[in-house]
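Asker: Chain U: place on chain E using the hints.
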Amino acid sequence: MLFTPFEVAETVNMFKDQHLDIRTITMGISLLDCISHDSKITRDRIYDKIMLKAGNLVSTAEKIEAEYGVPIINKRISVTPISLIAGATDDKNYVDFARTLDRAAKETGVDFLGGFSALVDKGITKGERILMDSIPEALAATDRVCSSINLGSTRYGINMNAVRDMGHIIKKTAELTKDSDGIGCAKLVVFCNAPGDNPFMAGAFHGVNEGDAVVSVGVSGPGVVKCALEGSKGEPFDVIADKIKKTSFKITRLGHMVATVASERLGVPFGILDLSLAPTPAVGDSIARIFQEMGLEQAGTHGTTAALCMLNDAVKKGGIMASTHVGGLSGAFIPVTEDEGMVEALNTGSLTIDKLEAMTCVCSVGLDMVPVPGDTPAETISAIIADEAAIGMANSKTTAVRLIPVPGKTVGEWAEFGGLLGGSPIMAVHKHSSVDFVNRGGRIPAPVHSFKN
Amino acid sequence: MNSVVTVVGEDRVGIISTISNVMADNMINILDISQTIMKGYFTMIMVVDISVCTKEIKEIRTILDKAGEELGVSVTIQHEQVFQAMHRI
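Chain order of the listed sequences is E and U.
Going letter by letter, the first sequence gives residues 38 to 490 in this note's numbering.
Going letter by letter, the second sequence gives residues 3 to 91 in this note's numbering.
If we strip away everything but chain E, and leave its shape as in the complex, we get:
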């Protein structure tokens, strides 16, 4: 026999009982060659290019899924930040561009399309300003379009004007989608050090340094890691770090294989493999449960930051050797509404927004899918963004904020977003004002360690 019964059973159980899946196959498409001074021509070119490149993305992914017996949960598209494309037109708002993207997303059958984005970590151009102001209406008028704004980086510092404005934009986005608990905000993420090759939503966009089209794959598997640690009670950290690395290696190898096959069949080069432990609301697919397996009574209690740090690092170490190109976010996500263990931690009072912030210093992204009271001032949201951006900037890592100020609801009430986005009780934020701080505007200078030349 080519494989031992143990090897075969291990792999089969990963899929059957531990929710191992390919979380996403994402095709990145450059729209730079769609630019025109005429808005309609630009939008037609965008639609045609997406259809040309990604027209068979979903059917190809479904064939691979059936043939290999590997679940592929999402098929997605990321595009060049629209601010760079639409900026050449005379349009005063870019909602029609979002509609075009939505139409292309629906026609190709993908779950989400990311790239209604702007990169404003140093300054804001005309096109970027218009795009930012268009976000609330664009996200309310579309179903599958995702938006992201990069407003800080280790190299250039934090654009506090953008930070200030995004607080208001997030509030308005929530207000325009108030009938579904402000779900527009679940499709909007604010970054520091955003990678241009991330296949995960809501933050995926196709970086300007990428090729014409690439295929990237995101693999997940918190349940597999938790299972690998079962039976390790009392073992020292060296032992469990090693177990996580080995598991992560195997998961990444699977992802790399699928990425290679997808790239060949689509005739599009392989971009990167993103090995992110991304939870879903399903029982057995939780990051928080891994912390419990490590010996913490609940996620959020003392020790959680250290546990997450070790987990994130071991996942990267195991994954890096398994693929020729690991990129994107790669690490452990800690969304609140999408993780049933995190929701339990929140319900027991173990998890607060301050502890979550501390955890973002060592996780792969940031404050993700956190519902906060609908009456949270825009300036408080901006201040939370500033804190996250500072963590990312100072530590040369990606940080992100995806907060949902749930209209008409307050602390403890349930916010529901449905599907993979899940739901959770609303978290409390600090009551003291950050208004005068946020309204200073300007730029927070880049840290001294950014000058490496």
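Hints may be right or wrong, so weigh each one.
[Said to hold, decoys possible] Away from chain E, derived, C-beta distances all over 12 angstroms, residues of chain U:
(1) Glu12
(2) Arg14
(3) Ala26
(4) Ala69
[To be verified] In silico lysine-lysine, PhoX-like type, Cα no more than 25 angstroms apart, as pairs:
(5) E/Lys215 x E/Lys143
(6) E/Lys270 x E/Lys353
(7) E/Lys354 x E/Lys282
(8) E/Lys468 x E/Lys215
(9) E/Lys209 x E/Lys283
(10) E/Lys100 x E/Lys86
(11) E/Lys270 x U/Lys41
(12) E/Lys77 x E/Lys143
(13) E/Lys283 x U/Lys41
(14) E/Lys77 x E/Lys163
(15) E/Lys129 x E/Lys100
(16) E/Lys280 x E/Lys354
(17) E/Lys282 x E/Lys209
(18) E/Lys392 x E/Lys353
(19) U/Lys68 x E/Lys100
(20) E/Lys209 x E/Lys159
(21) E/Lys354 x E/Lys270
(22) E/Lys280 x U/Lys41
(23) E/Lys53 x U/Lys68
(24) E/Lys489 x E/Lys159
(25) E/Lys129 x E/Lys209
(26) E/Lys53 x U/Lys57
(27) U/Lys57 x E/Lys100
(28) U/Lys60 x E/Lys53
(29) E/Lys129 x E/Lys159
(30) E/Lys53 x U/Lys41
(31) E/Lys163 x E/Lys143
(32) E/Lys86 x E/Lys129
(33) E/Lys53 x E/Lys282
(34) U/Lys41 x E/Lys100
Just so you know, these hints were derived from the structure itself, not from any lab.
Ideal Cβ positions, reconstructed from N, Cα and C, are used throughout, including at glycine.
Answerer: Below, chain U without anything else, positioned relative to chain E:
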């Protein structure tokens, strides 16, 4: 193209025969077969060649699921490359 078929569940008469018949009916050649007891469960592993199979893999999966249900066992079929990727460098 080779696939790996696994059958896990309570041991009983007719498991190998039922699954083998599904293979024969659909022109799937069995290349290798082993069975063992793991954690108290009957575990059968088959490596099969599906390159001249008369049906789509999706249909085979449905047929195997149904056969498994009748036998009270769980049946999976996955591409051999999945196992290669995970267990062989």
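Asker: Could you tell me which of the numbered hints above are not met by this structure, giving the numbers in increasing order?
Answerer: Hints 9, 15, 17, 31 and 34 contradicted; others consistent.
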